[in-house]
Amino acid sequence: MTQATVVKPVEETPQTSKLCIILSKGTLDMAYPAFMLANAAAAMGYEVHIFFTFWGMNVIDKRKIDNLKVSSVGNPALPMPNLLGALPGMTAMVTRMLKNKMAKQRVPTIRELIKTAKEAGVKLHACSTTMDVMGLKKEDFIPEVDDIVGAASFIQMSEGGQVIFI
Amino acid sequence: MTQATVVKPVEETPQTSKLCIILSKGTLDMAYPAFMLANAAAAMGYEVHIFFTFWGMNVIDKRKIDNLKVSSVGNPALPMPNLLGALPGMTAMVTRMLKNKMAKQRVPTIRELIKTAKEAGVKLHACSTTMDVMGLKKEDFIPEVDDIVGAASFIQMSEGGQVIFI
Amino acid sequence: MTQATVVKPVEETPQTSKLCIILSKGTLDMAYPAFMLANAAAAMGYEVHIFFTFWGMNVIDKRKIDNLKVSSVGNPALPMPNLLGALPGMTAMVTRMLKNKMAKQRVPTIRELIKTAKEAGVKLHACSTTMDVMGLKKEDFIPEVDDIVGAASFIQMSEGGQVIFI
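Chains as they are written, first to last, in my numbering: chain A, 1 to 166; chain B, 1 to 166; chain C, 1 to 166.
Keep in mind the hints are simulated off the structure, nothing from the lab.
Honestly, I wouldn't trust all of these hints.
Since the list gives no way to pick out one identical chain from another, each pair is judged satisfied if it fits inside one copy or across any two copies.
What the hints assert, rightly or not - Under the rule of at most 16 Å between Cα atoms (straight-line distance), these lysine to aspartate or glutamate pairs were calculated in the EDC-like manner: (1) Lys-99 <-> Asp-66; (2) Lys-18 <-> Glu-144; (3) Lys-104 <-> Asp-132; (4) Lys-18 <-> Glu-159; (5) Lys-99 <-> Glu-112; (6) Lys-62 <-> Glu-112; (7) Lys-99 <-> Glu-47; (8) Lys-118 <-> Asp-147; (9) Lys-137 <-> Glu-119; (10) Lys-18 <-> Asp-132; (11) Lys-137 <-> Glu-159; (12) Lys-118 <-> Asp-132; (13) Lys-99 <-> Asp-132; (14) Lys-123 <-> Asp-147.
Computed from a predicted model, the values in this text were never measured in an experiment.
Build the full structure now, drawing on both the sequences and the hints.
Set out below in structure tokens:
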């Protein structure tokens with residue numbers, strides 16, 4: 001009676017957690033949550049991907065990344081009437097205010113957050129369809145962008161992970 | 001010694017992946033990501049649901065679906081001062097520009113994306129609470145809408161799947 | 001031949017489902033989906049967390065919670081030209097209209113939804129970084145807020161759950 005019954009143990013799924021962020025907005029106030037979450041997750045050992053699409057392209061466009069703005073119009077969170085918010089210069093003023101407050105609290109800039117993200121292994125993907133529609137080229141991007149992919153590739157890489165749409 | 005020890009193999013979880021999208025925005029630039037993601041996932045064998053709520057109702061409202069707009073105000077991604085963006089006609093112009101660019105790149109229209117979605121088995125659900133609040137009736141919707149459900153039903157159908165809020 | 005081969009059954013993962021909502025917007029039309037989903041999930045036995053960040057802070061700020069607004073500008077879903085939407089008073093009017101419609105349909109107020117949420121065990125977390133940047137203090141919040149946490153803590157508590165970014 002020497003039959004060795006090999007019972008394959010239930011695997012403990014030691015696989016890494018995965019966070020996949022779709023960034024569809026091109027404003028400073030939405031770029032921040034994307035990278036804050038990405039970097040926090042990466043620091044905890046997550047595999048992290050950010051897929052830039054639509055207005056989110058601004059954040060990886062080297063001609064725009066340093067001039068991301070906060071919207072002053074249509075954001076009722078700001079204590080000013082809409083007409084005032086619509087005056088030229090108001091968006092710039094609100095953006096400057098937020099940037100100053102962040103600098104005072106030593107919150108890193110988006111450039112710095114991207115640097116940290118890359119060091120932690122976060123992958124940055126540009127949406128190929130958006131590039132076609134907006135006439136963007138690979139050379140328009142910051143060098144930190146890893147590759148250019150379509151929605152199908154993104155779905156594939158997000159399989160089994162958490163997905164956040166910003 | 002003929003005992004056959006039947007060891008049930010650890011199941012390979014052959015269950016389908018599931019993607020559930022909540023579309024709460026009624027603009028062209030947010031309807032696109034919803035259907036691009038839905039259709040890419042459906043093409044890969046995912047079970048896909050889209051739950052239309054709040055402004056997202058526009059996308060299934062047969063009186064509005066062909067006139068979805070891109071916001072020109074409060075979108076600092078666009079290279080124009082807010083006051084200019086607030087001039088009547090600017091939203092229409094920006095929308096026309098985007099539609100033209102998309103047509104040139106042979107990006108399907110929202111109508112076409114919905115057709116593809118349905119053929120691939122994507123389910124479209126209208127939010128019952130929003131219908132009550134906005135005074136919408138079933139007859140106001142495009143025929144592709146599958147049913148009218150509440151938040152509880154949506155939570156139930158999304159169980160175990162990925163959820164994206166747009 | 002009495003060997004008892006103990007085959008450990010594949011566990012049925014009886015763990016609770018978990019829903020983690022990040023609320024980054026400070027408008028009435030986005031606070032509603034957050035609490036409607038949170039409360040529906042909690043009623044079905046989910047563990048539910050809401051993490052308030054950026055403009056979402058308005059929703060737990062006791063000086064602002066009763067005056068959350070719907071944006072009339074930059075929301076092409078509303079049937080009015082942008083310039084009209086930019087006139088002072090329009091945001092207030094649109095907000096009043098929506099509130100009236102909701103009251104008629106007996107949709108609970110945000111205050112009421114928060115009360116229900118808390119009774120159902122939903123946890124409310126304030127983002128520490130946003131507090132620093134915006135100069136907010138614990139005393140500025142409604143008492144229903146459970147604690148103040150950073151992005152890392154949120155990632156940790158969302159592990160294995162569904163994450164929704166609003």
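Outcome of the hint check:
In this homomeric assembly, Lys-99 and Asp-66 come within 16 Å of each other (Cα to Cα) only inside a single copy, at 11 Å, whereas the closest approach across copies is 28 Å. For the homomeric pair Lys-18 and Glu-144, neither the shortest alpha-carbon distance inside one copy (20 Å) nor that between copies (31 Å) is at most 16 Å. In the homo-oligomer, the alpha carbons of Lys-104 and Asp-132 lie at most 16 Å apart only across protomers (9 Å), although the nearest pairing inside one protomer, at 39 Å, exceeds that limit. When the C-alpha separation of Lys-18 and Glu-159 is checked against a cutoff of 16 Å, the pair qualifies both within a copy, at 9 Å, and between copies, at 10 Å.
In this assembly of identical chains, the alpha carbons of Lys-99 and Glu-112 lie at most 16 Å apart only when taken from the same copy (14 Å versus 35 Å across copies). For the identical chains of this complex, Lys-62 and Glu-112 are intra-copy neighbours only, at 14 Å inside a copy versus 34 Å across copies, given an alpha-carbon limit of 16 Å. Proximity of Lys-99 and Glu-47 under a CA criterion of 16 Å is satisfied in neither setting, with 29 Å inside one chain copy and 36 Å between copies. Taking the shortest Cα distances, Lys-118 and Asp-147 sit within 16 Å of each other inside one copy (13 Å), while across copies they are farther apart (31 Å).
In this assembly of identical chains, Lys-137 and Glu-119 lie within 16 Å of each other by CA distance neither inside one copy nor across copies; the values are 25 Å within and 33 Å between. With identical chains, the CA atoms of Lys-18 and Asp-132 are never at most 16 Å apart, being 28 Å at best within one copy and 29 Å at best between copies. Proximity of Lys-137 to Glu-159 under the C-alpha cut-off of 16 Å is found in neither arrangement, the shortest distances being 28 Å within a copy and 37 Å between copies. In this homomeric assembly, Lys-118 and Asp-132 never come within 16 Å of each other (Cα to Cα): the closest approach is 26 Å inside a single copy and 26 Å across copies.
Taking the shortest Cα distances, Lys-99 and Asp-132 sit within 16 Å of each other only across copies (13 Å), while inside one copy they are farther apart (32 Å). Within a single copy, Lys-123 and Asp-147 get their C-alpha atoms as close as 9 Å, which meets the 16 Å cut-off; across copies the closest is 32 Å, which misses it.
Hint check: violations occur at hints 2, 7, 9, 10, 11, 12; the rest are consistent with the structure.
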